[in-house]
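Residue numbers (the numbering used here), protein chains in the order written: chain A, 1 to 228; chain B, 1 to 228.
In short, the hints are calculated from the structure, not lab data. You may find that some hints are simply not true.
Which copy is meant is left open, so a pair is good if it fits within one copy or across any two.
[Unchecked claim] Simulated pairs of lysine to aspartate or glutamate, EDC-like, Cα-Cα distance not exceeding 16 angstroms:
(1) K71 to E146
(2) K71 to D217
(3) K139 to D174
(4) K139 to D92
(5) K219 to E51
(6) K132 to E214
Remember, it's a predicted structure, so these values are computed and weren't measured experimentally.
Number of protein chains: 2
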Amino acid sequence: MIANCNCEKCEMKDLFFENVGATDIEAMCSNKTETKYKKGSVIVEKGQVIENFIYLKKGLVKLFRISSSGKEQIITIAKPLDFVNLLSVFSDSCYNYSVVSLIDSTTCILDFKQIRDLIKTNGSFSMGLLRKMSTISDKIILQSIEIRQRHLPGRVAFILLYFANEVFYSHEFDLPISRKEIAEFIGMTTENVIRTLSEFRKDKIIKIYGKLIEIIDIKKMEQISLHG
Amino acid sequence: MIANCNCEKCEMKDLFFENVGATDIEAMCSNKTETKYKKGSVIVEKGQVIENFIYLKKGLVKLFRISSSGKEQIITIAKPLDFVNLLSVFSDSCYNYSVVSLIDSTTCILDFKQIRDLIKTNGSFSMGLLRKMSTISDKIILQSIEIRQRHLPGRVAFILLYFANEVFYSHEFDLPISRKEIAEFIGMTTENVIRTLSEFRKDKIIKIYGKLIEIIDIKKMEQISLHG
DNA sequence: CGCGGCTTTGATGTTCATCAAGTAAAGTGG
DNA sequence: CCACTTTACTTGATGAACATCAAAGCCGCG
C-alpha cells in the first residue's frame with residue numbers, strides 16, 4: 001500500500017510506473033517534491049546541473065535556448081506526459097535549455113538516483129522509459145522538420161492546429177504564448193506572424209479577440225497547414 | 001571466450017556492449033548479420049517493419065523522408081556509432097524514414113528480441129542505451145535548430161564545417177553528397193546552394209574541384225557559420 | 001498616470017525560390 | 001567504345017516571400 005502519498009490518484013502513475021511494484025513506488029513517492037508554478041515562472045534555467053528527474057503533471061511549458069545572435073529560440077512546447085527534462089537527462093550533466101511555464105503548472109520532482117536504480121534493477125521499467133524517450137524525441141524531431149518545410153502561413157496554421165487539436169481540444173482557445181513567442185517557435189519575425197494572423201482573419205478563417213482565437217474554417221486551416 | 005566471431009576486433013563492442021558479459025556478447029554475435037552496401041544503396045525503406053537492431057559499423061548514411069509536397073528531406077547524416085535505427089526503434093513498429101548509404105558502408109544487424117532481453121536483464125546495458133539514445137536525439141534536435149536559425153551562407157558553412165570537423169577530420173575532402181542533397185538537408189534550393197558555394201570560391205574561402213572541396217580560410221568559414 | 005512591453009500596420013529593401021538555358025559529367029544500350 | 005539519354009551542375013534574370021525599419025495604438029502594472 002502506498003501510504004501518506006497522493007500519488008495514488010496521480011494519473012501519471014500508470015504511464016510512468018506501469019511496470020513498477022508498489023514497494024518501489026512507495027519509496028519513490030516518499031522522496032518526491034511537487035511544485036506549483038505560476039504562469040511565466042522559470043522551472044529550469046540553462047546551465048543548471050541536472051540533479052532531478054522532473055515531469056510535468058499539469059500545465060504547459062516551453063523549452064527554449066538563446067541563439068548565438070542572442071535571440072530566444074523555442075525548441076518545443078510540452079504538455080503533461082511530455083516529461084519536461086527527459087531530453088538530455090541521460091546525455092548531459094547540465095541543462096542546455098531553459099524551461100518556463102506558459103500557464104499555471106505543476107511539476108513532480110523525483111530523485112534521479114532512485115530512477116537510475118530502478119533502471120538497473122527493473123528491466124520492464126527501462127524498456128518503458130526507452131520507449132517514452134524515443135517517442136518524445138521522435139515527436140520533437142518530426143515537429144521541427146514539419147515546421148521547417150513550410151512557408152509562413154503554413155507554419156502559423158500548423159501551430160494554431162497544434163493548440164486546437166493537441167493541447168486544448170477545441171477550436172476556440174486562449175493563446176498561451178505571445179505573438180513574439182510564436183515567432184520564436186517557428187523562426188519568423190513577430191511582425192510577420194501578426195500579419196499572417198490578420199490575413200487569416202480577413203480571409204474569415206479565424207476570429208481574433210486579443211489572445212482568444214477561434215478557428216472558424218478548420219478545413220481551410222488544415223489545407224494551409226498542409227500546402228501553404 | 002567469443003568463438004567464431006570477428007566481433008572481438010569490432011571497435012563498436014566496447015561502446016555498445018561496455019556493460020555486457022562475454023556470454024551475452026557471444027550469444028548476440030552468433031545471431032548477427034554483417035552487410036556491406038555500395039554507395040547509394042537503400043539500407044532501410046520507409047514503411048518497413050522494424051524487426052532488427054541495426055547499427056552502422058563503417059561508412060556514412062543519410063536518413064530522409066518525403067515531404068507532403070513530394071520533396072526529399074534529409075533528417076540527418078549519420079556516421080559510425082550514430083546507430084542507424086536508434087531513432088524510433090523503440091517508439092514505432094515501422095520506419096518512418098528511409099536510410100541510404102552515401103559512401104560504401106557496413107552495417108551490423110542484431111536480433112531485436114535479444115536486445116530487448118538484455119535491456120530487461122542487464123541494468124547497466126539499459127542505462128548505457130538510454131544515454132546513447134539521448135545523446136543521438138539531442139544531437140539531431142540541436143543540429144536542426146542550429147540550421148534553422150541561419151541564413152543560406154551560414155547553413156552551407158555549417159554543413160561544410162560538419163564534414164570537415166566531424167566526418168573527415170580534414171580541411172580537404174570529397175563531398176559525399178550532391179548539391180541537391182545539401183539543399184535537401186538545409187532546406188534550400190539546389191541553385192542557391194551552388195550560388196553560395198561559388199560565392200565562397202570567389203571570396204577565396206574554399207576551392208572547388210567538382211566534388212572535392214578544400215577549405216582554405218577556416219576562420220572566415222567559422223565566422224560565416226556563426227554569424228552569417 | 002506614465003512607462004515599458006506587446007501588438008498592429010505600412011513602406012522599403014534584402015534574401016531567396018522559381019524559371020530558363022546552357023554546360024559538364026555520368027550512366028545506358030547498341 | 002561510342003552515340004544517346006539522363007542526371008548533375010552552373011549562371012543569369014525575375015518575382016515572391018520575408019526581414020527590417022518606422023510609427024502609432026493598446027494594455028497591464030507599478
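Hints and how they fare:
| no. | hint | in the structure |
| --- | --- | --- |
| 1 | K71 to E146 | between (22 angstroms within a copy, 12 angstroms between copies) |
| 2 | K71 to D217 | neither (33 angstroms within a copy, 28 angstroms between copies) |
| 3 | K139 to D174 | neither (24 angstroms within a copy, 33 angstroms between copies) |
| 4 | K139 to D92 | between (20 angstroms within a copy, 11 angstroms between copies) |
| 5 | K219 to E51 | neither (46 angstroms within a copy, 38 angstroms between copies) |
| 6 | K132 to E214 | neither (33 angstroms within a copy, 43 angstroms between copies) |
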